[in-house]
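Enquirer: Quick note on numbering: full-length UniProt numbering labels position 253 of the sequence shown as 253, and the sequence is numbered without any gaps.
Careful: at least some of the hints might be erroneous.
What the hints assert, rightly or not - Subject to a maximum C-alpha distance of 30 Å in a straight line, what follows is the list of computed DSS-like cross-link-like pairs (lysine-lysine): (1) Lys-26 / Lys-118; (2) Lys-195 / Lys-244; (3) Lys-27 / Lys-160.
Calculated from the structure, these hints are not laboratory results. Please read all numbers here as calculations on a predicted model, not as lab measurements.
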Amino acid sequence: MMNHFKYKNAIGITAMHAHLDDFRYKKHAHQEYAMGVTLRGLQSYHLGGTHHLSHTSGVMLFNPEETHDGQSYDAQGLEYIMLYIKPVMLREALGITTNVKFTTPIIYNPRISERIIKLWQAIFYEHSEVECHERFVDLIDQFPRQVISSSSRADNAKTKLAIEIIKLHYNDKLNLEQLSQALEMSKYQFIRFFKKQTGLTPHQYYINYKVERAKQIIETYKDVYWAIAECNFVDLAHLNKCFKYRYGVTAYQFMSGLK
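Whole structure, please, built from the sequences with the hints as guidance.
Expert: Below, the structure is given as structure tokens:
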């Protein structure tokens, strides 16, 4: 088996189908909620400093900004699907305005796994937008209350400020002096603090966010060179390298797979 990744997008949701042989995701995080199903094999990943295994039919749930990696647990390989859903879209489907979070990383629930697969199929096989929306609502309605809860934990104010500054200046060079001064820390205190809070170094978070923004531009405008210019990557090779570490395909391959 070889490593294979394919992406499609509809109604603002990105769907992915992956076969993993020896590919390993680097530590990264998404701006979206992510949910997926392990179709075959055993998926191994670290989330929030804890090791997790998703067996066949396991439903994997990720909140925005949660740092994780991923690979096949053994030489038998792995097949799985994922859906990436924007926070505003999930809140709208739930009929709420506050932030929510998945309370557990893996569940085994046939009703939910079946509906994730059905929504994935509707997106991948280009069913009508109406059908995609209906399958999305049907999926969200299956989640037990204890799996999705309002986020009551206040974000650390200093971490939130640092993230806001990085996002505001993502198309400039990362400025450690500016960040550490804003948080009233030395550069080294800030690096240690940020990594402890997010699981990523400031530079890893900065690159990750640039790639996320590039992905959003490619999804919206189908223009990889606009993404390079807007996100201030050196060239296509630079973007492709950063993109592949996180999505298994180059930015150009990702764009080519979108309808």
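Enquirer: If a hint holds in the structure, say so; if it doesn't, say that too.
Expert: These are the hints, each one checked on the structure:
no.: 1; hint: Lys-26 / Lys-118; in the structure: 29 Å, holds
no.: 2; hint: Lys-195 / Lys-244; in the structure: 23 Å, holds
no.: 3; hint: Lys-27 / Lys-160; in the structure: 20 Å, holds
No hint from the list above goes unmet by this structure.
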